[in-house]
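First to last, the sequence lines map onto chains E and A.
Take the first sequence: its position 90, counting from 1, is numbered 90 in the working numbering, and each next residue is one higher.
Take the second sequence: its position 194, counting from 1, is numbered 194 in the working numbering, and each next residue is one higher.
Any given hint could be a false lead.
[As the list claims (entries may be wrong)] Each pair of labels, with its calculated beta carbon distance range:
{"#": "1", "chain 1": "E", "residue 1": "Ser57", "chain 2": "A", "residue 2": "Val62", "range": "36 to 46 Å"}
{"#": "2", "chain 1": "A", "residue 1": "Lys30", "chain 2": "E", "residue 2": "Tyr9", "range": "46 to 56 Å"}
{"#": "3", "chain 1": "A", "residue 1": "Val62", "chain 2": "E", "residue 2": "Asp11", "range": "43 to 53 Å"}
{"#": "4", "chain 1": "E", "residue 1": "Ser57", "chain 2": "A", "residue 2": "Asn65", "range": "48 to 58 Å"}
{"#": "5", "chain 1": "E", "residue 1": "His56", "chain 2": "A", "residue 2": "Lys49", "range": "39 to 49 Å"}
{"#": "6", "chain 1": "A", "residue 1": "Asp105", "chain 2": "E", "residue 2": "Lys20", "range": "55 to 65 Å"}
{"#": "7", "chain 1": "A", "residue 1": "Arg66", "chain 2": "E", "residue 2": "Ser57", "range": "50 to 60 Å"}
{"#": "8", "chain 1": "A", "residue 1": "Glu171", "chain 2": "E", "residue 2": "Thr52", "range": "33 to 43 Å"}
{"#": "9", "chain 1": "E", "residue 1": "Gly37", "chain 2": "A", "residue 2": "Met131", "range": "31 to 41 Å"}
{"#": "10", "chain 1": "E", "residue 1": "Glu77", "chain 2": "A", "residue 2": "Thr2", "range": "18 to 28 Å"}
By construction, these hints were calculated from the structure, which means they are not laboratory data.
Glycine included, every Cβ here is placed at the ideal spot set by N, Cα and C.
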Amino acid sequence: MDIGTLKNYSDLAYDLAQTKKNALEKMRSRQIVAYNGRLFRADVQTINVVQTYKAHSKKFYMLDTNDNPCHITDPDEFLRILIERNQETLNTYHQLHEDLKNKRLK
Amino acid sequence: MTTGVLMYCFNTPEVNYHLLAEQCVAQIQKHLKLEITIVTNIKTFKKFKPLGMINYKLVDNVTSNRRSYRGKNIAWYNFERVMAYEHSPYDTTILMDCDYFVFTDNLLTYTNTKYDFLLHNKVHDLTGEDMIEGKNESTIPIVWATVTIFRKTEFAKQVFDLIKHIQRHYEHYRNLYRIKYRNYRNDFAFAIALHQLNGFTSHKNFIPTPMAMLSHEVDAIDVAETGITFKYGKKVGRIELQDVHIMDKEFVNV
């Protein structure tokens, strides 16, 4: 394979990496939810923490994205909101990821 | 409780900001569905096409500030933003630059919190070239006044009152915080006010994700209803359904 073709592959790989980076930022922006006046990220860490706390107590406190405490009084509802938003954003990201995979194979 | 968007828009000899504002308003109406108030001057107001239900507030703006843009020194009318607390008719306000384009309803999340003053302290350069944030620009970390969500509370009033003071004595504060740029920038005035009001320590409450941004070296070649296509060097990129701050001011003239 000549160096020109290799350079084209390299350029394409860079563009794909950047598109992926932008899509991940878009996903993270969408993952922010407001709950009880505080801000939370609907990511796996938050979901896991809520799930763990919920197994031990019906009400608990959590720190939001700015390290301010929030009283979680309805963990089931909170967890539902987090999972719903998390899956919405991952579904969008998955679709883009599939498109990128096809581009790479061409 | 009322929530709305407040924008400042003043045409300069070099840039037709009203054209940017018209596109920005269309996106707000589509995605945020909030009431909008535009603070402008009579000359710019006369240029606006009918935009539906918009509140206009006419003021005489200061015209002394300038900025560097693509190798030129151009006019920049950004002094009036300090009056946002008084100009806003809303209990909760999204104060937004007219070159910030919303393609989602993400900003509504921030209007539904206990925070009385939120803004970005990080940016994401969509080109991946990290062209936006320079190094050693000041001794204080920058915040981005592009999108500021505030509620009419005592704290928000204190912030804006202090910004007014900083603007009046900007040369002093610019020297104090060793800010590289000689012109007045709201980003630094907001950063200084938050720093001082927080007892000269870092302000802690920010929008938790970076603001997506295209620097002024990047050309926006197509701004559609769902996304933006941009060009930098030989590369072309596209984003869809993602809010973005575009610093290119020329695409509206095409």
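> When you take the CB atoms of Glu77/E and Thr2/A, is the distance between them in 18 to 28 Å?
Replying inline: Taking Cβ atoms as reference, Glu77/E and Thr2/A lie about 27 Å apart, which means the hint holds.
>> Does the beta carbon distance between Ser57/E and Val62/A stay inside 36 to 46 Å, or does it fall outside?
In response: violated (56 Å)
> Is the gap between the beta carbons of Asp105/A and Lys20/E within 55 to 65 Å?
Replying inline: violated (24 Å)
> Should the hint that Val62/A and Asp11/E are 43 to 53 Å apart at their CB atoms be regarded as holding?
Replying inline: Holds - the Cβ-Cβ distance for Val62/A and Asp11/E, about 46 Å, lies within 43 to 53 Å.
> So does Lys30/A sit 46 to 56 Å from Tyr9/E, Cβ to Cβ?
Replying inline: violated (39 Å)
> Does the Cβ distance between Glu171/A and Thr52/E fall inside 33 to 43 Å?
Replying inline: Given range 33 to 43 Å: violated, Cβ gap about 54 Å.
> Do the beta carbons of Ser57/E and Asn65/A sit within 48 to 58 Å of each other?
Replying inline: holds (55 Å)
> Taking 50 to 60 Å as the hint, is the beta-carbon distance of Arg66/A and Ser57/E inside that range?
Replying inline: Given about 58 Å between the Cβ atoms, the range holds.
> Okay, His56/E versus Lys49/A on CB: inside 39 to 49 Å?
Replying inline: violated (59 Å)
>> Within 31 to 41 Å: is that where the Cβ-Cβ distance between Gly37/E and Met131/A falls?
In response: 36 Å Cβ-Cβ, so the 31 to 41 Å window holds.
The structure is inconsistent with the numbered hints 1, 2, 5, 6, 8, although it conforms to all the rest.
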